[in-house]
Every structure is written in C-alpha cells, then in structure tokens.
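Read in order, the letters of the sequence shown correspond to residues 1 to 229 in this note's numbering.
Some hints here could point you the wrong way.
Stated by the list, open to error - Here are the simulated DSS-like pairs of lysine-lysine, each with C-alpha atoms no more than 30 Å apart in a straight line:
#1 K118 with K80
#2 K134 with K119
#3 K87 with K134
#4 K34 with K211
#5 K65 with K98
#6 K118 with K161
#7 K161 with K107
#8 K87 with K47
#9 K61 with K161
#10 K65 with K161
#11 K34 with K98
#12 K207 with K3
#13 K217 with K207
#14 K217 with K118
What the hints assert, rightly or not - Cβ-Cβ distance ranges computed for the label pairs, FRET-style:
#15 D56 with Q204: 44 to 50 Å
#16 N200 with Q163: 47 to 53 Å
#17 D112 with N203: 38 to 44 Å
#18 S100 with R126: 20 to 26 Å
#19 I151 with K20: 14 to 20 Å
#20 N93 with D2: 16 to 22 Å
#21 K78 with S100: 15 to 21 Å
#22 N203 with F90: 21 to 27 Å
#23 N200 with S100: 41 to 47 Å
#24 Y12 with G49: 17 to 23 Å
Derived by calculation from the structure, the hints in this document are not laboratory data.
In this text, a Cβ means the ideal position worked out from N, Cα and C, and glycines have one as well.
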Amino acid sequence: MDKRTLIAIREYTYQGKLLKVPVFKKTSGYSGVKIMACYGSLEAYVKGGISSSYLDNIVLKALKKYDDRIVDRPFYEKDKYIYILGKKRFITNSISLKDSPNFFYIKSTCKDPINIYKKEFLKYLRERINYWGKIMGFDLSGYIIRTGLYISYYGICFPIKRQFKFDYRLFAYDTYVSDSVIVHEIAHLYDHGHDNKFYNFINQFMKDYDKRDDLLKKGKFKGEEDDGK
C-alpha cells in the first residue's frame, strides 16, 4: 500500500507529450520542493507553502535535468496496466485471461492490486536472490525478504538481521536490469561500504554492472532496447 499523501496531480506538455506529475506531501527535511525521476515517472515532494507557479518552474527545470530519463511511462496505472519484468501487462478480472502473458489477472473483489503484485514479486525475489547468492558464494536460503515502497533506495541489506528489502516497483524492470540491484545488495555481505573494494567484488560477477545500473536509473523497464530510449 502506498502510504504517501497525494496532494495533487499536475499536468504539463513536454516535448509534445502530456505529462502527469504526482505531487506528494514531503514529510522529512527542510521546507521546499524535491523532484525525483524514478520508475518511469517524475514525482514531486512538497513541504511548506509553495505556489503552483514556483512548483511548475522547478518541475520544468527537472525535466531538462532528467532529459535522458523516461518520465512519461509510469510502472502502473490503476485499472489499466502494470509493468512486470519489462513487459506491459493489462489489468483484467476475466478468469479466462488469467494465464495470458499479456494480462495481469486480479479478482474483481480485490481492493488493492498492488498487494497481489507484491506477493508475485516476493516469489520472484526469493528465486533470484538464491540464484545470485550461490554464484557469489553466499547461502541466503534463511534470509528474510521484505518489499514495500521506499523513497530513498531500490533495495537495502541488513547483514546482522539477515534481511533484504526491495522496492516493489523494481518488479517493473526486466531481469537483466533488476538483477543489478539484487547483486548490489548481496555484495554488502562482503563489504558494507561503496568503495572500490565493493565495486570490484560486484564486477567479478557482473562485468556490465554500470550499464545495467544506468538503464535502471533511466527507467528503462525493458532494458537497452526500451523503445529506442
């Protein structure tokens, strides 16, 4: 469940396209505006008295700053579609389409499709974490895996607690891309920091880590051939 407080949805025309930017209440830090480009969309976080014109100016500057990122393709649109492993799947409550790769089946009685999405992601995570753990020399079968909506990170590792947490929106990305986050977090069992030793360890198992990480930040769910973007 998304516990953020949605204040408004602002609409902009950018490069000939209609762009919707959700504006959320900023709950930490100083007053002002924080803009984030992530998971295929642009998000604004506001704290304090901010005028619409001031916010619009900040958003337009952010669009220029994040010109190389995809910000017009949210991972999910309620009652319409959701991205899973790089593929856009249309939401349906038709049982006849339950096993179709083009649809995401949700029972008509389901109040929040994201809960189903999170459960599917957790199953997928367990498989991928165990897979990479064996390759990297770690037995992760007893580790706790959690998922939720996290503003400041894609994933995080707690070695002492033997626990991993991942943002469920990561499920939108193709395995090639999302594996970079999984490998990154497992690598923290080897080194807690982000120094050369840490990244050298990652590169032993994922030589194109930087490329995958770049695709992740740009919001390219499908990977390098993501509609040519």
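Tested hints:
Only pairs whose Cα atoms come within 30 Å are accepted, and K118 paired with K80 is accepted, the gap being roughly 17 Å. Proximity of K134 to K119 is assessed by CA-CA distance (about 23 Å); at most 30 Å being required, the pair is judged to hold. Note on K87 and K134: the hinted pairing holds, with a Cα-Cα distance of about 27 Å set against a maximum of 30 Å. About 26 Å separates the Cα atoms of K34 and K211, which keeps this hinted pair within 30 Å; it holds.
At most 30 Å may separate the alpha-carbon atoms for a hinted pair to count; K65 and K98 exceed this at roughly 41 Å. Of the pairs offered as hints, the one joining K118 and K161 holds, with about 21 Å between alpha carbons and a cut-off of 30 Å not exceeded. The suggested pairing of K161 with K107 is violated, with an alpha-carbon distance near 35 Å, which exceeds 30 Å. Restraint check for K87 and K47: not satisfied, since their Cα atoms lie roughly 35 Å apart, outside the 30 Å limit.
Proposed proximity of K61 and K161 is contradicted: the alpha carbons are some 41 Å apart, above 30 Å. Taking the CA atoms of K65 and K161, the gap is near 38 Å; set against the 30 Å cutoff, the hint is violated. For the suggested pair K34 and K98, the alpha carbons sit about 39 Å apart, so the restraint of at most 30 Å is broken. Note on K207 and K3: the hinted pairing is violated, with a Cα-Cα distance of about 37 Å set against a maximum of 30 Å.
With a C-alpha separation of about 18 Å, the suggested pairing of K217 with K207 holds against the 30 Å cut-off. Distance hint between K217 and K118 is fulfilled; the C-alpha atoms sit about 21 Å from each other, no more than 30 Å. A hinted range of 44 to 50 Å for the beta carbons of D56 and Q204 is consistent with their spacing of about 47 Å. In this structure, N200 and Q163 break the distance hint of 47 to 53 Å, their C-beta atoms being roughly 25 Å apart.
Distance hint check for D112 and N203: the Cβ-Cβ separation is about 39 Å, which falls inside the suggested range of 38 to 44 Å. Against the hinted window of 20 to 26 Å, the Cβ-Cβ separation of S100 and R126 comes to about 24 Å, which satisfies the hint. At about 19 Å, the beta-carbon gap between I151 and K20 stays in the expected band of 14 to 20 Å. The beta-carbon spacing between N93 and D2, approximately 21 Å, falls within the hinted interval of 16 to 22 Å.
Between K78 and S100, the C-beta spacing of about 20 Å keeps the proposed range 15 to 21 Å intact. Hint check: N203 to F90, Cβ distance near 38 Å, so the stated range 21 to 27 Å is violated. Between N200 and S100 the beta carbon distance is about 44 Å. The supplied range of 41 to 47 Å therefore holds. The given range of 17 to 23 Å is respected by Y12 and G49, whose C-beta atoms sit roughly 22 Å from each other.
The earlier numbered hints that this structure contradicts are 5, 7, 8, 9, 10, 11, 12, 16 and 22.
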